[in-house]
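Participant: Go ahead and model the full structure; you've got the sequences and the hints to work with.
First residue of the sequence shown? That's 1 in our numbering, and the numbers climb one at a time after it.
Hints listed in this document are in silico derivations from the structure and should not be mistaken for laboratory results.
Among these hints, one or two may not hold up.
[Claimed, not checked] Distance condition first, Cα-Cα at most 20 Å in a straight line; then the derived EDC-like pairs of lysine to aspartate or glutamate:
id : residue 1 : residue 2
1  : 92        : 30
2  : 92        : 34
3  : 55        : 30
4  : 114       : 135
5  : 26        : 57
6  : 26        : 53
7  : 39        : 79
8  : 92        : 78
9  : 114       : 139
10 : 92        : 35
11 : 39        : 69
12 : 39        : 78
13 : 114       : 136
14 : 92        : 53
15 : 114       : 53
16 : 92        : 79
17 : 39        : 72
[As the list claims (entries may be wrong)] Now the in silico label distances, taken between C-beta atoms and shown as ranges:
id : residue 1 : residue 2 : range
18 : 89        : 113       : 34 to 40 Å
19 : 13        : 87        : 32 to 38 Å
20 : 53        : 95        : 18 to 24 Å
No residue lacks a Cβ here, since even glycine has one placed at the ideal position from N, Cα and C.
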Amino acid sequence: RTDLSAKFTGAGGPATTAMLRNIPNKYTQEQLLEEINGKGFSGTYDFFYLPIDVKNEANVGYAFVNFLEPRDFDRFCDEFSNYRFQHSGSTKITAVSSAVVQGLRQNVENLMRKRVAQGRHGPVLLREGRRLNLEEMADALQLN
1 RTDLSAKFTG AGGPATTAML RNIPNKYTQE QLLEEINGKG FSGTYDFFYL
51 PIDVKNEANV GYAFVNFLEP RDFDRFCDEF SNYRFQHSGS TKITAVSSAV
101 VQGLRQNVEN LMRKRVAQGR HGPVLLREGR RLNLEEMADA LQLN
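Facilitator: Next comes the structure, spelled out in structure tokens:
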């Protein structure tokens with residue numbers, strides 16, 4: 001069993017934000033979330049972001065997921081390391097690592113600075129089971 005959360009413990013505590021790489025470029029946000037949730041992760045994360053190249057209408061090959069608990073981060077690393085996506089003919093094999101930016105608050109602050117797209121190309125932010133947009137989450141975290 002992988003214990004990356006302990007390995008990547010820093011000043012802020014154990015890692016909770018994963019970076020998933022080698023995602024087939026044609027995968028949509030909905031497809032990726034469906035696959036992640038289908039592996040038992042529904043309700044375990046509060047932040048999901050699959051950057052999209054809007055010009056090409058394709059993802060850029062990586063995503064970020066912040067988990068509520070380090071144990072779910074570890075389980076995600078185990079489940080999605082060396083994984084082949086089910087809804088793709090791609091031969092890409094995934095890699096999972098600890099993201100540079102860790103935690104919900106830090107990820108929201110980071111995306112606000114970058115002024116990322118909203119709506120269907122924006123991040124998925126969840127608070128108590130309810131989906132929020134970036135501004136609503138910033139308000140909830142008292143960042144504004």
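Participant: Out of the numbered hints, which ones does the structure contradict?
Facilitator: The structure breaks none of the hints.
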